[in-house]
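Student: Residue numbers (the working numbering), protein chains in the order written: chain A, 2 to 357; chain B, 178 to 997.
A portion of the hints provided could be inaccurate.
Claimed, not checked - Within a straight-line C-alpha distance of at most 20 Å, the following computed EDC-like cross-link-like pairs (lysine to aspartate or glutamate) qualify: (1) 650(B) to 267(A); (2) 39(A) to 7(A); (3) 672(B) to 213(B); (4) 124(A) to 696(B); (5) 217(B) to 282(A); (6) 650(B) to 303(A); (7) 816(B) to 944(B); (8) 39(A) to 79(A); (9) 589(B) to 306(A); (10) 179(B) to 213(B); (11) 589(B) to 223(A); (12) 589(B) to 225(A); (13) 672(B) to 267(A); (14) 448(B) to 477(B); (15) 285(B) to 251(B); (16) 619(B) to 282(A); (17) 989(B) to 924(B); (18) 650(B) to 223(A).
Read the hints as simulated data drawn from the structure, not as lab findings.
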Amino acid sequence: MANDLEALRHETLQALKEAVTRSEWDAVRVGVLGRSGKLTMLLRQLGQCSPEERKARGQELNRLRDELTSLVEQRGKEIEELALQSRLEAERVDVTRPPVLAPQGLIHPISRTIEEMTILFAKMGFNVAEGPDIETQWHNFSALNTPDHHPARTEQDTFYLPPANDDSEAQVLRTQTSGVQIRTMLTQSPPIRIIAPGRTYRADHDATHSPMFHQCEGLVIDRDVTLGHLKYCLIEFLRAFFDKPDLPVRFRPSYFPFTEPSMEVDIGWSRQSGELGAGADWLEVLGSGMVNPRVLANCGLDPSEWQGFAFGMGIERLAMLKNGIADLRSFYESDLRWLRHYGFPVLSDIAAMGGR
Amino acid sequence: MKFSLSWLRDHLDYTASLEEICTILNNIGLEVESVDEPAKRLAGFRTAKILEASRHPDADRLQLCRVNAGPGFENIQVVCGAPNARADLHVIFAPPGTYIPGSDITIKAGKIRGQKSEGMLCSLRELGLGEESNGIAELSCTAPIGMDYVDYAKLDDPVVEIAITPNRGDALSVRGIARDLGAAGLGRLKTGLIETIEGKGNPDRQWKIDHHGCIFVTGRLIRGVRNGPSPEWLQRRLESVGLTPRSLLVDVTNYIMLALGQPLHAFDATKLSGNVLHVTHACPGEFLALDGKEYVLTGEDMVIADHQGAVSLAGIIGGQNSAVDENTTDVFLEAAYFDAVRVALTGRRLGVQTDARYRFERGVDPSMVRFALEEATALILSLGGGEAGPVVEAGKEPQTRRRATLRFERLKTLAGLDMDPAEAVRYLEHLGFEVADRDDEKATFLVPLWRHDVAAAQPLAQALSLSEELARKAAHHVNALEAECDLVEEVLRLKGLFHVAPVPLPPVGNAAAPSVLSERLPVVRRLCAGRGLMETVGFSFVSGQDAALFEEIETRERLVNPIAADLDQLRPTALVNLLRTLERNLARGLGQNGEAAFFEIGPAFGRNGNRTLLAAVRGGVTARYPGHAAQEPCWLDAKSDLMAVLEELGMPEASLSTTADAPSYYHPGRSGQLRQGPKLVLGSFGELHPRLAQIFNLTGRVAMFELDLERVPQPKVKRKSAPDLSSLQPVRRDFAFLAGADVAVQDVIRAVRMADRKLISDVRLFDVYEGDKLPEGYRSLGIEVTLQPKEESLTDQQLEALALAVEQSVQKATGASLRR
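Bound-form chain B, shown alone (with noise of 0.2 Å):
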């Protein structure tokens, strides 16, 4: 919303400066995005006449011209290339050093081809008033010489710029930003703001209402009006806060709804049929607009219609079969109070914004409904002549004041604000509520009209999980508390916010936990980063395309609404943005030397639901230095990564199986996943499968994992029971096993552990064989058992014992022999 001072001026007696109003309207709320100042922006252009033109000696276009303006620069040289530059023409004229904004150049004395040239004769279009420009502009001849060209032009009208929260319905006028600036204490609201038009003749129209949309609505036809260009102060006004001036009826409607906040709408009475305007539903079908746009209208929607159809969108738009036009003589003007919710949703059902529904779907004063008629009324006849009918209303205007009630106490109690309650009983009256009833201890008020955000009992939306009896307790006040809350909102802002005293926080009571989660994820972060990944933020959609190569896509994870056709799909693992990541660092020749490696920590959408995932992948090749050759990465990277945070996590290997039942976009013989159980599946490892790398043009080897951060589950804190020091040294004995290529190590690893679960301590693969010397099919498994004594040194005999159950266990539970 913009205004000018000298429209605020006009509703607002004050003395403030600029800077004091912009000051105190952020603090009371009505937020200040811009101020446009021209007298700054235009400073140092002035008046000036031409003495005398004459061609530039040698340049045929430019010519030289003596030029006046005013004190200090009476008789000086301009060059001008302008074809309109004349004797004894009045220009605008800009001495050195001043900024041109239409250019943004600063003007500087100099020559121009030779010739002095001690400033600039400007047009519009530099001042950056006007579009075109046809040369230099050209002023009255009565115009003064050497007057600030601001002043000459009555330009030095500040406009402030303000963003009105959507519940402020009632300061999208200038007269409703003035009354909130009087209550604030800067001046204040002029009175006798309306004129009452006696209307002559008989009322040649009626009004019928049959939409519960329409709650009051009046009209009145003025005949014998000369439409045309408004007068320029009117345009001025109107072009100041950024509207373009049409035509004088439609001028005054736009003005009057600026000034006054009600949208007004004006008919070409000869182009209405019948003598019944009807507020009716929309018969189904199309509806052509001012704007130029067919709109397909339900039967929902609220039009007013004449005898042959809709001619307007009530309080939205007008229909372009009633609009005026410069031919325009009779015009019938209405102003409505329409319902804000019917507005709303006609509005946006149609994506049609104006201003009118702006207003309208915000709530309009239902009380400036006439007086707005009246005030269009009065300028239309002062401006474009004619003569006023009777005014014709339909309808009730809504009178009801609702009552709000604030007990002074919460004045310190909810906001910690220190006042005296007269003073804020003040405030509240200054905005125009009206003290019903008051005693020491509170005082409850009538809310004025056009303040639709005030104690406006909403319905509740209380979950449905509530039991009857706490939803029934929660509610019960629900409405006198809002209200109440309302009064100390609008006290606390024109007392200023900055009055209320910060405190500090009692300590928490009995808080509950912090969630695992969120414990967990800087731990994880950091060892992953520490392991050489680096973290990457992605976007949760991805192109449905993408997102199909990794599963089934639901397409209920589809965006009814997506931004762009490439972010359509959510994504159903954070693998498709990090392998398109990996894509384009790699093609931008970044990640070499191991640094082609990325995690993300972020929601993965599918078949369980938004669930939190760690995934990762590691691609390009490792650095190359003296004795090391460049490796691509591999499965085990994955695998190694993986168990690293589950072991971070407190699940360690050994409770853990793997399972090579990995998802379909791995590689289906290097992949896996890990398992708690035989059911809980915690995370999957693996190798790219070829058939994505060469979707994703990934060339090499790519290692990737995931985890689902919320199944891994939180380990049980136990006191920890007092270590095993024992004085006894470990024994180390290795084992060869010749095992068919079917058997895996997990089995024969998991043999040999339970071949002695209280001596053995630790199992390890040191190593694999595969060659000729060993029967085809067969592989050697070199293991190396760790043995930890616990109260004696073993003997041969319980050594040679150990080993014969070694034997047996990888024996029977895999068929794998000892080598011997």
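If we strip away everything but chain A, and leave its shape as in the complex, we get (with noise of 0.2 Å):
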């Protein structure tokens, strides 16, 4: 090889080597290999020699330009590697340190008990009603069979709020969620097939009673709707709720006015321990029966040819039992502690509501 090839050579595997960053080795390309680079320019340079001489310069030319470039590029991706892992190294962090989670809120226990129920009643055919918290009389009372001087209507401990106008009597805050079925059956034309959740109010303040406080109410009316079938549908729903596929579930005959045959519902569980499904004793949970022709005929419906059963529950009494919470009061009293520890995620997996 020629000298000043030789020189070339040496220089720029010189330069290659003491350039670090991307533009100094950008620099030792342009100025050996860049359109005025050195080599470039003995390129071009080539034309000037004679026919004999170009032939073998051009052949140690070329074979110089092919050893620079791949020489220049493998220095290239070296240093692209040097550049990625020092920036690697000055980017490391300690991953130690703990995750910025966004506060996450909760569902609370009455709001999940009653979605629950309303999947499992929707798994019957049953859909969600609603009616205000004030009621007229009538339709928390009167039309549910339960006349001024009745005992019944005594019972309660009623809230009355002033009337509606003058010539009007005073309204309640609603005893139950009944109400909602009066307002159903005048607007709606059977077969029905709802359950009523919703807030009730009765003037009672104690360790185990609120003011206020929810029910979950349902009514069926069909033509062929029989107590047979309110026993399946509330024994399948109590044992779906509660997950115990054998809970003992035990029908009482009772009284209700507004249902005929009537009965309270009890689930098997130990007093001693508190498990459902264990022990000798009972539980009341529910109470139920089949309407009474006089509801349906207040309603508009003749009895002689429609029939059916309701049904009602305290919903945290039910979720009170399924989740094992102490105090009624605690519901309302929005202790930041408490709705942690009873509240459901928001994820929570919704086809587990009820187990099955």
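Put the two chains together into one complex; each comes in its own frame, and the hints tell you how they fit.
Tutor: Okay, here's the thing in structure tokens:
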């Protein structure tokens, strides 16, 4: 190789070795292989050589160009890799630092219980219906076959509100969500299959009574619905809700003005351990019965054509039993610690509601 | 209602165990609330005799007693602190292992002050039988030794307490319960209850009825009675069911009432003036009753009056002026059949609860009136002596029995019960129903007089909105159908509900759609909780003072009978509860790190009626972490929360407008309302007014919002068109507008959008600048506009034209100019 080429080669190798940053490397590359780079210039000067010289020098130059090109490229990759390595090193952090989590809200157990009930009854064809918290006495009592002097009416401690206008009677805060049943029967033609979860009010306040609580009532109206259907419906619901396929369920005759026959529903439990489905004791959880013909007639349904059943249960009571909540009053106190303890995560498995 | 088994046995022949009785009671609808078994409660206690008593060597107040308590405990030592412990005294002894109910301890053998003590000598208080104790109980010197105390004291008589539903007035007596049990096949109701006692002499008093509430009244004078304490057996019976014995005359009336269900009243005849007892309307005024309270009567109320005035509030409570006392010798007994509604109305108005009222308002057995009087007479004569006068009566004993027909198929088609009609008829007959007519399909029964609940044809309360035809058709058969339900219910409870087989519900026919609200709530709830808000449930009522801070209070929403002074007003918004929640939790040091954030979905009351509202508050500060300082919440957090919910409910931001006119409890400069169209306000958002913040003891800023969930329209269900998946790149351009302080960002954005509604796909505010570089009172709004070409790429000319259109549109709408 010609001396000048040997020198250029040597010089370039040296320069590449010394180039550390990408710009240094680029300067080397341009200085040798660029448009006016040293090697490029030499190639350009080739035309001035004699033909014999040109061939030999041309070969040499080409060989040198190929070599230097590949060396420059190789060095380029090395520098890139070095840069990446040093960036990675520079960017190293302490990954044990705690993550930044947005605070999560939770679903109140009362809401969750209503949702569970809604889903379980929906499986049996029930839809949710609503009504106002302030009711007329007719909707809350009279239509439900509870006349003014009826002892059942005095046994409920009812909150009264001033009349809606001068010539009407005092209104009440609903003592049950039965008014929703009445409204449904007045506006919807049978067959009817609804549940009515909602707030209810009674003038009672102690460790086991709250002036406001929630009830879920149900109503089925059809031509051939019997007490056998009532039993199936409530047994199914209770066993699914408590996720105990063998939960003992007992129906016991009782009395409500709006149903006949009427019955209360007990589930088996152990008074000592509090465990549901175990032990020899019974715990009342529901009221139910076949809709009284008078209630149907009050709502314009001919009782010789239609019949059905109705039921009602305390939502807090069932929520307490299912989730082991001891104190009724704590539901409404909105203590963050309690809410965090008993609340349900937003994405908790909805399919698991009610177990099966 | 309580009764003891020995008492039940007076009326029912049976062999069943206590457990069987309780099971049957529950099965037939007489719910057992509690069972008290003294034999279990007092197991272990036995009779004993103190053989000798001597001073404890190391304690002045203690004695060492040698006791004989029968087999196994013939000669044991007991240390006793009672001053009355002495030799030869017959006592109650508790051997080691005995539970002492009065002290809630279990006795152990041990040493007291160094002396062996192998049990305990007891007072009645320690057995839970007496109130006070002056030392240990002293038994008769004839008491045997080593006998179970329960047997000795004849306490082995379990007491059952049952809950009687309001329709079952007939079961408010031992005899009524016996009748039900007998009908259910548990034993046989005893007959031969009644004696008729011939009265001597002429009646010296007459009844006169002048009140429709008195249907039938009877009474008689008994002279020469010794009133004093009742015999022990009578006292024990009354005590066993929780009544305090008073005197023979009072005890007998109570006893007969409990046994037969018929309330009676005993007047001291010498305190009655005149010879007519008048059942009549009260003279308005005060009446001093036996309970020592004065009641203000009205002319509606029914009293029994003598020549001088009211001596008894009929069917409820006697008067003090005519009460029997220890000196009473001549007693006038009264038994009557009063109207249930009259007694209920007066009783409820006066708030006086008595056993008599309780029974009358649930309906007593009119055929029992005479018998009860005779039974009471017989008992008084046998226990207190004296001579009975003739019975005097007025009014008419009701004798008409209602009819009820049972079509046997209804047992199956209503109750789902497969049973032999003959069995059903038999059950009803055992309950006192009498077959008037019967064929293969049905039977008609005469309803016993004591069953006021069966075939009681009350008036309907039909909805006023029903058409006349519909109302008539619905009412046509209702009485017969309800009576039939009554009969089915009777058969069902005696047969047992467990005989009804569960049947799956058939698939629904034409069920109505679920309510919009019920479908929305779970979604809204999850969205809010997912944004860090904790769900709460607060009372619908709050204090009037709190409520008044939020809205002018409507007295219509104030409870007439609140349970507490701070729960007297229906809340105008759940914010009242939420702010108190925030206050309480922050005061407890809870809710740090952005956790002081709550929401509630529930009713709000007020001008717009009872509507379902979503309300939320954020207080406290967010968590600190490296590079981020703690931040107070601000109005924009609230607006963002609110908008997120609305988006989820199908209301895109572009379809809403914001106005700065939130209710007065918000900070006036940092709050607004979201509206659809010019009128419909969907919700409000902003920061809490500082004045309210002070009242709620909240020092930092509070962001909050309210959303009327019932006003949010349901999005129309449209079939989705194909999406625009243009292959052309969207183009983004930034604009900076110089806007006066009164120019609303919303208007600028809207004007930009209007510049070319086809091409402009998105408009965003990315910067707001206020500062020295701008003229005073101006701010610069940085707006990013996204253009989405549809068919071909935009040319430079098109882009220029668009920029100009944007500039002009904004200029025209708001006066803001483009900064260059």
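Student: Please name the hints from earlier in the document that this structure breaks, with their numbers sorted from lowest to highest.
Tutor: Hint check: 1, 3, 8, 14 and 16 fail, others pass.
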